[in-house]
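Undergrad: So you can see what is in the structure, the chains are spelled out below.
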Amino acid sequence: DTAVSQTPKYLVTQMGNDKSIKCEQNLGHDTMYWYKQDSKKFLKIMFSYNNKELIINETVPNRFSPKSPDKAHLNLHINSLELGDSAVYFCASSRRVAGPVKAGLDTQYFGPGTRLTVL
Amino acid sequence: KNEVEQSPQNLTAQEGEFITINCSYSVGISALHWLQQHPGGGIVSLFMLSSGKKKHGRLIATINIQEKHSSLHITASHPRDSAVYICAVSGNQFYFGTGTSLTVIP
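From first to last, the protein sequence lines stand for chains A and B.
126 is the number that my numbering gives to position 80 of the first sequence; each next residue is one higher, with no gaps.
196 is the number that my numbering gives to position 53 of the second sequence; each next residue is one higher, with no gaps.
By construction, these hints were calculated from the structure, which means they are not laboratory data.
Hints are all accurate, no fakes.
Here are the computed lysine-lysine pairs in the BS3-like style, where the Cα-Cα straight-line distance is at most 27 Å:
id, chain 1, residue 1, chain 2, residue 2
1, A, K86, B, K211
2, A, K82, A, K113
3, A, K82, B, K211
4, A, K55, A, K82
5, B, K211, A, K87
6, A, K82, A, K98
7, A, K90, A, K65
8, B, K196, A, K90
9, B, K197, A, K90
10, A, K65, A, K87
11, A, K90, B, K211
12, A, K65, A, K55
If we take Cβ atoms under 7 Å as the criterion, some of the chain A residues that face chain B in the derived model are:
id, residue
13, K87
14, F88
15, I91
16, T153
17, Q154
18, F156
19, P158
Cβ coordinates follow ideal geometry from the N, Cα and C atoms, glycine included.
Please build the complete structure, drawing on both the sequences and the hints.
TA: Below, the structure is given as C-alpha cells:
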C-alpha cells in the first residue's frame with residue numbers, strides 16, 4: 047500500500063483557473079507538508095500542518111490555501127493559477143515529535159509528486 | 144547566499160568509488176536531513192541527524208554541529224546510486240540545499 051499518495055500525478059491547466067491537489071497518508075502520522083520544486087529542481091517548503099493545525103506558512107501567495115479535513119489528508123487549493131505556479135508539488139508526512147511542536151524533526155515520507163503545468 | 148550550501152553540484156564517479164557530498168549551513172538547526180531524489184522524481188529520506196554519525200547499508204552521514212557541516216558518504220558506489228542528493232536543515236524554519244547530481248558509471 048502506498049504510504050503517501052497524491053492525486054493527480056499530472057495537471058495541465060490554463061492560466062486563471064482554480065485547481066486542487068490532494069494528499070493522503072496512511073502512516074498514522076500527525077504532521078503533513080507541502081513542498082514546491084521549481085524548474086531548477088530547488089525544493090521549498092510551503093506549508094506544514096500538525097494534527098490539522100497550521101504550524102508553518104512560508105511566504106506563499108494567498109492564492110495557495112491548504113486544507114486539512116483530518117490528520118491523514120492535506121489538500122492544496124490554488125486559485126487564479128499563474129504561469130509561475132508551474133512546478134512539481136510534493137506532499138510529505140512525519141510523526142509528531144514529543145514536546146514543542148517543531149516541524150521537520152522526524153523522518154519525512156514523500157508522495158510521488160504532482161507536476162503542474164500552467165499554460 | 145543560500146542558507147544551505149552543497150558541494151559539489153555535479154559529480155561523476157566510476158562504479159566502486161567512494162563518494163563524499165558536503166553540506167554547510169549558516170543557521171541554527173535542530174536537525175539535518177539528507178534526501179535522495181531519483182531520476183524518476185521520487186524523493187526518499189535517507190537520514191535525519193542532529194549529532195554524530197549514522198550508517199545505513201553503504202551510506203554514512205556525519206554532522207559536526209560546531210562547524211555547521213555535514214557529509215554524506217557512499218561506499219562501493221553503484222550505478223543505482225545515481226540520483227540527486229539534497230541536504231536540508233530544520234529548526235524554526237526549513238532550508239534546502241540546491242542538490243548534488245551524482246552519476247555513477249558502470
